[in-house]
Every structure is written in C-alpha cells, then in structure tokens.
Amino acid sequence: MTFAFAALVAGALLGIPKLIAPRRLTPVKAEPFECGMDPIAVAEGRFAIKFSTVAIFFILIDIELMFVWPWAVLYRELGWFGFAEMLVFLGILMLGFLYIWRKGGLEWE
Amino acid sequence: MVAESWYVALSAVLFSIGVVGVVVRRNPLVMFMSIELMLNAANLAFVAFGRRAGNADGQIAVFFVMAVAAAEVAVGLAIIVTVFRLRRRLSVDDLSLMRW
Amino acid sequence: MTPLAMPPVAIGPLAPVLIVLGAAGLVLLLDLLPRPVGRELIATVALAGLVGALLATLARWGKPGRAFQDMLVLDDFALFANVVICYAAALVVMLSIDYLGRNGPETGEYYALVLFSTGGMMLLAAAGDLIVLFLALELMSLSLYVLAGLFKRELAASEASMKYFILGAFATSFLLYGIALIYGATGTTNLDRIAAAAAGRAHDPLLVIGLGLLLVGFGFKISSVPFHMWAPDVYQGAPTSVTALIATGSKAAALAALIRVLVTALRGSQPDWAVLLWVVAAITMTVGNVVAIAQSNLKRLLAYSSIAHVGYMLIGVVAGGSAGPGAVLFYLLTYAFTTAGAFGVLTLCERAQAEAVEVGDYAGLARRHPVLAAALGLFLLSLVGIPPLAGFVGKFYLFAAAVRAGYLWLAVIGVVNSALAAYYYLRVVVFMYMREPEGAGARLVPSFAGGLALAIALIGIVLLGVIPAPFADLAQAAVAPLLR
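Chains as they are written, first to last, in the numbering used here: chain A, 1 to 109; chain B, 1 to 100; chain C, 1 to 484.
Cβ-Cβ distance ranges computed for the label pairs, FRET-style:
1) 203(C) / 75(A): 40 to 48 Å
2) 448(C) / 12(B): 54 to 62 Å
3) 91(A) / 33(B): 30 to 38 Å
4) 52(B) / 75(A): 26 to 34 Å
5) 12(B) / 101(C): 49 to 57 Å
6) 481(C) / 73(A): 36 to 44 Å
7) 41(C) / 80(A): 36 to 44 Å
8) 202(C) / 85(A): 34 to 42 Å
9) 93(A) / 354(C): 36 to 44 Å
10) 290(C) / 51(B): 45 to 53 Å
11) 60(B) / 446(C): 51 to 59 Å
12) 107(A) / 481(C): 49 to 57 Å
One side only, chain C facing chain A, incomplete, derived with CB under 7 Å:
13) 6
14) 25
15) 28
The set of hints was computed from the structure by calculation and includes no laboratory data.
Cβ coordinates follow ideal geometry from the N, Cα and C atoms, glycine included.
If we strip away everything but chain A, and leave its shape as in the complex, we get (with noise of 0.2 Å):
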C-alpha cells in the first residue's frame, strides 16, 4: 500500500510536468555540456590513424601468449617434443613479426 502511493506520487511528479509542462528548445540548451563556455571540438576526439596500426599488432601478438601460456604451465611434461613444437610456432610467428617490421609497420612517423 505505502510502495504503490509512493510509487503513484514518484510518477505523477514525473509525468505530469512532461504533459504540461512548456518546451522551448534553444541551440545552448541543446549543447552536450552546458558551463557558460561554447565547446571547442567534438569530445571524443580523434585518434591518429596510425595508432589504429601499432592496435592491431598488438592485438596479434598478444593473442599468441594464450597459446604460450598452457605450454609454459605444462613445460615439464611436455619435455623436449613440447619444446620442438613452441620454436615452430614461435618461429612462424617471428617470421610475420619480421615481416611487419621491415615492411616498416613499427614505424611511428
């Protein structure tokens, strides 16, 4: 009983302003961040393409260590035959590292 009028009076006092209530949209108003000063730029920004590039390289090698880790954690086991098999793996993926970076993908200028 309690909850329902005090729900009842929450959302009369909400909805009953949006019915009668006057709405004059002004260009200040309808600013994202309103302090009296007009905004410079966008807020989010803009980042430079070229960390988008630096991103995506290190999305994939860091993807790799989920193949690294299982294998460090089980490197006794795996003995030698599990060693063998990490330098292939590593060594493809030196080779498309090698590539990047002479292909100057790690350069920033």
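Following the hints, position chains B and C against chain A.
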C-alpha cells in the same frame, strides 16, 4: 550450482543479439562488433557443452576461436580503415558503387 | 609427474599443405630481402610450390593417411579436391604475373596470400574435425578478404573487400555456432565420432539446429541462394585473378568440405538435409541463370553463372549415394578448368587505361584476336554444356546421378536451366563474332604465362570432354572412403 543449460541459453541470447546487431546497424564497426559477439556466444556454448560432455575439446576449441577472432579483427579493421580513407564516411549504405 | 603421451607427428599426410605453406613463407622472406627481387622470381617460387604440392598429392594417390588423431584425413576424396585446388591456384598465379603489374601497385604479399589461402583450401578439403574445418575455412577466407581489396586505391575493390569481409565473417559465425551446437549434441567435434554419437537420434533439436546453422555458413561460402548476395559485387570489385581464385578454388574447397561433413558426420540426418538442399539447389540454379541474363558486365555475368553452377553441383549432393558426390567432384574439376579459363581471358584483355569487363568491349573480338575469341568462346560453350566439351559431361553425370537416385524433377529443373543459360553465354559469343565494336574495343595484352595458362585450361576442357571416363572413374573411386 548452475546447470549448463543456463549458459547455453545465455549464449543463444548473445548470439541472437549479435545477429540482430549485424542486420539492423549500418556502421561497419558496430556490425563487426556484433559479429565478434556472435563468435563469443559460440565460445560460451563451447565451454558449457564441454563441461557437460566431460572432455576438454570445447575449451580447446575456444582457444582457437579466440586466435582466429583476433586475426579477423586485424583484417577487418584494416579493411574498414582503407574504406574510410577513401570515403571519409562510414556506413554500409554508402557501399553502393555496384548494384545488380 | 609422468610425461604426457605425445601424439605421433605424421608429416606424410600433411606434406602437400606443408609444401604450399612453406612456399608462402619463402615468398614472404623473398619480399623482405634488402635488394628487391623481381616479381617474376616471386611468382615462379609460388608456382613451384603449387606444382610441388600437386606432385606430392598425386604421389599419395591410393595411399590414404590420417594424422593428428584423425584431425586431418587425407583420403582419395581430399586428394582429388587438392588436385582441383592446386590446379586452379597454379592457373591463377600464372594469370596474375602480367595482370598485376598492369593494373595495380607492386605488391609482394599477393603471392603469399594466394598461397596461404590455397593452403587453407587444401586443409579444408582434408579436415576430419570440425575445429580444423573452421580454422582452415578462416585461413582461406581471411586471405581472400585481403586479396579482394588488393587494389586499395580503387573504390570498387575496397567496397568488394568490405562486403566480402562483413558477410563472410557473419557467415562464419553461423558456422561456428552450428559447430558448437553439434558438439553439444554429440560431445565431440570429430566427424566419425559425431556420426557414431548421432546415430539413431537425428531429431535431437541441438543437432537439427546445428545442422541448419552449418548449412547457412556453407551456403554463404559456396554462394548458394539465398546467401549469394555478396558474390556479384565481390566478383566485380576484386582483381580479376583473385575473382578466378574465389570462383574456383574456394568454391571447390567449401563444397568438398560440405560433402564430407554431410556424408560422414551427418549421414543420419540425410532425409532432413536432402530435402532442404533440394529446394536450395532448385532456387540457386534458377536465380543465378535468370539474373545473369540481365547482366552487361562480364565479371558479374560470370558471377551469376557461378551461382547457377553451384546449384547444379548441389543436385549431386542431394542425389547422394556414391554417384552424387562423385559427379560433384568431377564437375568441380571441369568447372575449375572452364571458369579459370574464362576469367583468364578477361585478365589478358584491356581497353584504354582500364580493364575490359563490359560485354560491349568484346564486340568484334573475333576479327581482331581470333585465337583469344575462340578460347573465350570455347570456355563459354563449355559453361553452357555443349558436347564434346567438359561442361557437358559434367552436367550429364550430375543429372544422371539425380535421375538414378529418384530426383527426376530436380534433374528436369537442371536441364531447363541449362537451356536458359545458353541464352546469355551465347549472347557474348554473338557479340564477339557478329557485332562491330563502338569505339575501340578490348585489345589483347600479350603475356607468356597467361597464354600458357589458357592453353592448359583449353586442353583440359577438351580432354575432359572427349575422354571423360578415366577421370570420372577416379572421382567415383575417390568418394568411396567417405561412404564406409
């Protein structure tokens, strides 16, 4: 103790959200994010089913799917950036050079 | 702790794929040398890798091998598909040598990507496990997405690449979820063990939905209706040599994988998928052929034509038994020869500062370049299915398999469609032989490697058309290991 079927149900919901996202959104980046959501829904299903089946196959599958997803991110972002450089805008509605 | 039992490493069954991927790595390294090496050298290394893989594949014929706990099944079926794939990829490499230098920036990674994608296709055809299938599919597709957008300064190429990527990745997600559900239903991802676990409970909802999602994913990859919308745009926008690879190699690999999954793992659900594919095959043929009639761009025309041909091949999948898949394998071989040849002619033609892709560009070609026009004419006639060319025999085996399996109506739809298709193929021939060009039409750009590739393709379609029996028998024999 939560039964596996709840995880499967959640993964089905995530997968559906991903499908709807790809179909209704027009920004390639958001569509791509929805595709990633679908892949991860499959991952969740793999893990849940793997628990039920009592073997590690499902978890191993997840490892490979994650690696593939990362490769897909790299290729996808590169393609999207290329298109953006040419167009300066990003919406699949703009991809209208070729029509039947 | 006791050391874990290590799985035996069987290099033998992996050899063809290893040769291709090794060549890919070598090409990457060659591209990195301080002093740049010639494009021809890189192409030669790539070609050598593909020919080596072809020889390794032929050497293993009749000696089926399984490796890595049945993850990889290199039986005769996979070997036959590998031959088609290696052959198509080798033709594409030969066609690319001059085409690339003319139309795009100098890029060394092109050949590496072609080889990586070829390796993916070969693995796809030999995948004995759904996870390997997924990995191989992605290796193939990711390379192809990049290749489609290789000419990155061209708007059409970037558009094609983006459409291909988004729709392809979308489709792969469906496929993956289907794999997850099948794993849920059977507790394994190995094809043989799925078949054992699924026996007798074909109507398990997980299995049925998983099968459906799997078919959606494959439907995209082989561009069957209703999942064909990407194909015309990608075929048109991508570099022509890449289009040839997408149309032949990737399609052959995806169809081979589809057949293997359906016939081994999901044989229990055959009534379900046969009905579904019956409808898909009929619609795919019809839509492909009807829309192709309205095309004026030759690449788009061939795209719709390739959609229609997927419809024909699905007839063989529906027919089942040993005759159906065998007919599909044989058809893939003829189709690879024919389509690679047709796209090959396009790579050798150009008009003022642009690629010659409109049908109108080929008006009067017979007078200016009789040999080239005759070659394109033969490829198109083979696509129509006119005896004694390869396309006719391929279609004959497919329709015969359908009739023998009791799918008379499907065969009738196929025959009607073939007749319909004759209109738009022959229209191009009419243009080449009976019309005068408006302005300067397409002209030949001489290329030794390209000419050689066309010659091989021509010999192929005539040989397969005149003496088809040995090759068809091989295709039939190749299917046998699947049916055990």
